[in-house]
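Chemist: Letter by letter, the chains look like this.
Protein chains: 2
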Amino acid sequence: MGEHFEQRKLTPLTEIGEFGLIDHLTKNIVLVNPETRYGVGDDAAVLQYGEKLMLVSTDILTEGIHFDLTYFPLQHLGYKAIAVNLSDIYAMNGTPKQVTVSLAVSSKFSLEAIEKIYSGIHRACANFNVDIIGGDTASSNAGLFLSVTVLGSADPEDVVYRHGANEKDLICVTGDLGAAFMGLLLLEREKTVFKADPNMQPDFAGKDFLLEKQLKPEPRKDIIDLFREKKIKPTAMIDISDGLASEVFHLGKRSGLGATIYEEKLPIFQTTFDTAREFSIDPTTAALNGGEDYELLFTITQHDYEKIKTFSDISIIGHMVEASYGFQLISKNGVQTPLKAQGWDAFNTIK
Amino acid sequence: MGEHFEQRKLTPLTEIGEFGLIDHLTKNIVLVNPETRYGVGDDAAVLQYGEKLMLVSTDILTEGIHFDLTYFPLQHLGYKAIAVNLSDIYAMNGTPKQVTVSLAVSSKFSLEAIEKIYSGIHRACANFNVDIIGGDTASSNAGLFLSVTVLGSADPEDVVYRHGANEKDLICVTGDLGAAFMGLLLLEREKTVFKADPNMQPDFAGKDFLLEKQLKPEPRKDIIDLFREKKIKPTAMIDISDGLASEVFHLGKRSGLGATIYEEKLPIFQTTFDTAREFSIDPTTAALNGGEDYELLFTITQHDYEKIKTFSDISIIGHMVEASYGFQLISKNGVQTPLKAQGWDAFNTIK
Numbered sequence: 001m002g003e004h005f006e007q008r009k010l011t012p013l014t015e016i017g018e019f020g021l022i023d024h025l026t027k028n029i030v031l032v033n034p035e036t037r038y039g040v041g042d043d044a045a046v047l048q049y050g051e052k053l054m055l056v057s058t059d060i061l062t063e064g065i066h067f068d069l070t071y072f073p074l075q076h077l078g079y080k081a082i083a084v085n086l087s088d089i090y091a092m093n094g095t096p097k098q099v100t101v102s103l104a105v106s107s108k109f110s111l112e113a114i115e116k117i118y119s120g121i122h123r124a125c126a127n128f129n130v131d132i133i134g135g136d137t138a139s140s141n142a143g144l145f146l147s148v149t150v151l152g153s154a155d156p157e158d159v160v161y162r163h164g165a166n167e168k169d170l171i172c173v174t175g176d177l178g179a180a181f182m183g184l185l186l187l188e189r190e191k192t193v194f195k196a197d198p199n200m201q202p203d204f205a206g207k208d209f210l211l212e213k214q215l216k217p218e219p220r221k222d223i224i225d226l227f228r229e230k231k232i233k234p235t236a237m238i239d240i241s242d243g244l245a246s247e248v249f250h251l252g253k254r255s256g257l258g259a260t261i262y263e264e265k266l267p268i269f270q271t272t273f274d275t276a277r278e279f280s281i282d283p284t285t286a287a288l289n290g291g292e293d294y295e296l297l298f299t300i301t302q303h304d305y306e307k308i309k310t311f312s313d314i315s316i317i318g319h320m321v322e323a324s325y326g327f328q329l330i331s332k333n334g335v336q337t338p339l340k341a342q343g344w345d346a347f348n349t350i351k
Numbered sequence: 001m002g003e004h005f006e007q008r009k010l011t012p013l014t015e016i017g018e019f020g021l022i023d024h025l026t027k028n029i030v031l032v033n034p035e036t037r038y039g040v041g042d043d044a045a046v047l048q049y050g051e052k053l054m055l056v057s058t059d060i061l062t063e064g065i066h067f068d069l070t071y072f073p074l075q076h077l078g079y080k081a082i083a084v085n086l087s088d089i090y091a092m093n094g095t096p097k098q099v100t101v102s103l104a105v106s107s108k109f110s111l112e113a114i115e116k117i118y119s120g121i122h123r124a125c126a127n128f129n130v131d132i133i134g135g136d137t138a139s140s141n142a143g144l145f146l147s148v149t150v151l152g153s154a155d156p157e158d159v160v161y162r163h164g165a166n167e168k169d170l171i172c173v174t175g176d177l178g179a180a181f182m183g184l185l186l187l188e189r190e191k192t193v194f195k196a197d198p199n200m201q202p203d204f205a206g207k208d209f210l211l212e213k214q215l216k217p218e219p220r221k222d223i224i225d226l227f228r229e230k231k232i233k234p235t236a237m238i239d240i241s242d243g244l245a246s247e248v249f250h251l252g253k254r255s256g257l258g259a260t261i262y263e264e265k266l267p268i269f270q271t272t273f274d275t276a277r278e279f280s281i282d283p284t285t286a287a288l289n290g291g292e293d294y295e296l297l298f299t300i301t302q303h304d305y306e307k308i309k310t311f312s313d314i315s316i317i318g319h320m321v322e323a324s325y326g327f328q329l330i331s332k333n334g335v336q337t338p339l340k341a342q343g344w345d346a347f348n349t350i351k
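Line by line, the protein sequences give chains A and B.
One point on numbering: in the working numbering, the residue at position 190 of the first sequence is 190, and numbering is uninterrupted.
One point on numbering: in the working numbering, the residue at position 237 of the second sequence is 237, and numbering is uninterrupted.
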């Protein structure tokens, strides 16, 4: 009999206890950053940052809202919890260095399930050279909650805020948009099909890319590295978690400006486009409001155009304008309509 | 009609939305620490710490496990969520400077309920000069979850770890023990009585102190200030969240030592003592294993005895011994028994 059919005895969390669980989950942690002076194991971790600035961000993920365990593999969940937090540090043009990870789980979860989540957490931390320095575990009466806080560093002159954009700055976006949302819709559809007939096999042929964007988003460290290499400093930057339109609003409002976005410039992959049509959703709406892209939205001066124009992974989608013009979308046929942010809302989720 | 009888219209969270809620909760935040360069409002907060060490700790509080909303006032819950985190920074002999606060709530919660939690959070931050620099809000399918990360600073030579104790060092504890646990038992008892007869009024006469220790613990900043003033540096320190016995084990094991604790030296207030008896609980067990005291357990060299002997709020309860002696409790009648840590366990809570 292969491993596939092996019946492993699972370890209930009540058997190992909180301290046992913490020891078990943290025993293999290796610290890689010199700024991390002391990690897990005391009342607090100890860090040292010479003259650098320190960046701090936090995100909480809740079962049934941010993820559905019927189709979200636990390793990927752990990976994603770290990835979305690192994305916030990259969006400040900084380097993530440490994370704390807290989780609350129902005691019905097994140790092996928690280990899977942690294996994804470790994988993400290893991929991006981030130290796990602490956390907390707690019981929950219902559901799984993951709360991550990330710390990063940056030279004072490198930090990029949301509020630094100027009129006429070019608006750029990395990668492509709407794919993670299409991945979510595919998974939700297959869940419904599976409920009706558990013998149905999911049909994801050719859609791996969409699923991967949903289940295993990669924060754009490569873009920050490129900025360093090419000596580019965006004037403003934000990561795209709630949908492009919502982030354009944030960036514009913080900078005291409006923005003009060109529909034809929105980077939408063919698979995303086709899948949106399959779901009778306007691909542009998917790109503007889908959310969870974890790409970077940033502005640069026109002067920097030459430096980035050759990168296929960066699209120039519009420019910043005076606040009085507001936020406008120029459609493919040249019609101007007000940009709408229907962004994902934590209290009104798609169900 | 007095305010007491006024029927206020409550605001459902779905009406205000996530961004509205964040704006609403953070609009009155005033930053007080010069190290806080930029707080709420971007992808990450920005901090600067010259040559100091930075301390980081995090705790997650879950409804039904750490608190019961049938008797836990929301303001106090917010206060306690901050207090227990600050306690971890004080336990490193550091100064807390910033917090991030994430909460996941069911959409059945009203805006006003969340405001109450935040008013407690603001109160605690104001009392201890701590800046709120970020956080996240999310929906939960069931229950309330509060996740706080605290950042603090310390001069490199001041940090006190759990692992620094030496043989013969004196073991000290601040304040008194067991009161928070008695407060919890009182509240649980009244809840049972109330369920049986909702017209019953709770009888907490003379027990305010116990309730306060449970509902509104105060982290021991005053002790850290005293250390500064008297030039005392503990050799090891930990805060008492899971019960004295459990923390003595942590401190001893990290330091590679055992410990001898004298029962007669345990600081137990008369009200705690009497209430324990009322519940047919050995007061010593309450002091050793009750938990949630949020006092400090620390060790000092015998040389420092003169510096602390006059402080009524610090009790010397024993001393560190060679590891081979293990952890022993010397009872009031001189009998030696192994110390037992039955500490509160996140996966086996009292219900």
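Careful: at least some of the hints might be erroneous.
It does not matter which identical chain is used: a pair holds within one copy or between any two.
Capping the alpha-carbon separation at 30 Å, the derived lysine-lysine pairs in DSSO-like fashion look like this [stated by the list, open to error]:
1) K309 to K340
2) K340 to K108
3) K307 to K207
4) K265 to K231
5) K108 to K195
6) K309 to K108
7) K9 to K231
8) K309 to K195
9) K108 to K230
Simulated from the structure, these hints should not be mistaken for laboratory data.
Chemist: Tell me the hint numbers this structure goes against, listed in increasing order.
Modeler: The structure conflicts with hints 3, 6, 7, 8, 9, although it agrees with all the remaining ones.
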